[in-house]
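Add chain B to chain A, keeping to what the hints say.
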Amino acid sequence: NAGVTQTPKFRVLKTGQSMTLLCAQDMNHEYMYWYRQDPGMGLRLIHYSVGEGTTAKGEVPDGYNVSRLKKQNFLLGLESAAPSQTSVYFCASSYMPWDEQFFGPGTRLTVL
Amino acid sequence: GIQVEQSPPDLILQEGANSTLRCNFSDSVNNLQWFHQNPWGQLINLFYIPSGTKQNGRLSATTVATERYSLLYISSSQTTDSGVYFCAVGRGGGGADGLTFGKGTHLIIQP
Numbered sequence: 001n002a003g004v005t006q007t008p009k010f011r012v013l014k015t016g017q018s019m020t021l022l023c024a025q026d027m028n029h030e031y032m033y034w035y036r037q038d039p040g041m042g043l044r045l046i047h048y049s050v051g052e053g054t055t056a057k058g059e060v061p062d063g064y065n066v067s068r069l070k071k072q073n074f075l076l077g078l079e080s081a082a083p084s085q086t087s088v089y090f091c092a093s094s095y096m097p098w099d100e101q102f103f104g105p106g107t108r109l110t111v112l
Numbered sequence: 001g002i003q004v005e006q007s008p009p010d011l012i013l014q015e016g017a018n019s020t021l022r023c024n025f026s027d028s029v030n031n032l033q034w035f036h037q038n039p040w041g042q043l044i045n046l047f048y049i050p051s052g053t054k055q056n057g058r059l060s061a062t063t064v065a066t067e068r069y070s071l072l073y074i075s076s077s078q079t080t081d082s083g084v085y086f087c088a089v090g091r092g093g094g095g096a097d098g099l100t101f102g103k104g105t106h107l108i109i110q111p
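Protein chains in written order, with the working numbering: chain A, 1 to 112; chain B, 1 to 111.
You may find that some hints are simply not true.
Unchecked claim - Computed cross-link-like contacts, DSS-like style, restricted to lysine-lysine with a CA-CA straight-line distance of at most 27 Å: (1) A:71 to A:57; (2) A:70 to A:57; (3) B:54 to A:57; (4) A:71 to A:14; (5) B:103 to A:9; (6) A:71 to A:9.
Hints listed in this document are in silico derivations from the structure and should not be mistaken for laboratory results. In this text the structure is predicted, and so the values were computed from the model without any measurement.
Only chain A is shown next, with the shape it has when bound in the complex (with noise of 0.2 Å):
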């Protein structure tokens, strides 16, 4: 049981380049979530999903697509990378919204 694995683990891209994280989990859990983490803060919803098929907008969505093909994976898109987006993404799931949440290692991104 793997639980929340998020690939890459690391990545360092130049402005205006594009990426894609996925977030996958084992747990057939029906919500999945994308947050981010800037230096000194807690972490910000800015992507989630109620199912395979749906995404809804968190707090900080500008700048960031998502997708959710399948129920076990959760794809977070930078179409075009700027600096302000240098952060540590961390993914988690729940089975109900107010369920335990489960959280990956995190992602972290350096853009330049």
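Chain B only, in chain A's frame:
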């Protein structure tokens, strides 16, 4: 949205000391979690505690939902307890899914 305030922001203790971390939130919630983020950035679930009291070894937590606060107790601190402790709350299921995090309490345990 919900406001989450954690106190104190920083805490330095000697090994063996006890501590109490507080989390205040501005609205009713149906989800409250405590996390420990270690110096390597890993986020570790400590408690899922929208109400009531739980204990896990040297750690325990209490949430008084009607008064909108939660407390995390750490007893007999060890250097491995160092890191940032986050409280996060949610009102999932009402169109406001996801957790809102506080800014954390930075705990340093000195040997």
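The hints, checked one at a time:
1. Between residue 71 of chain A and residue 57 of chain A the CA atoms are separated by roughly 18 Å; this keeps the pair inside 27 Å, and the hint holds.
2. Annotation: proposed proximity of residue 70 of chain A to residue 57 of chain A holds, straight-line Cα distance about 19 Å (limit 27 Å).
3. Distance restraint check for residue 54 of chain B and residue 57 of chain A: the Cα-Cα separation of roughly 33 Å exceeds the 27 Å cut-off, and the hinted pair is therefore not satisfied.
4. For the hint pairing residue 71 of chain A with residue 14 of chain A, the CA-to-CA distance comes to about 31 Å; that exceeds 27 Å, so the pair is violated.
5. Of the supplied pair hints, the one linking residue 103 of chain B and residue 9 of chain A holds, its CA atoms being roughly 24 Å apart against a limit of 27 Å.
6. With a CA separation close to 22 Å, the supplied pair residue 71 of chain A and residue 9 of chain A stays within the 27 Å bound.
The structure is inconsistent with the numbered hints 3, 4, although it conforms to all the rest.
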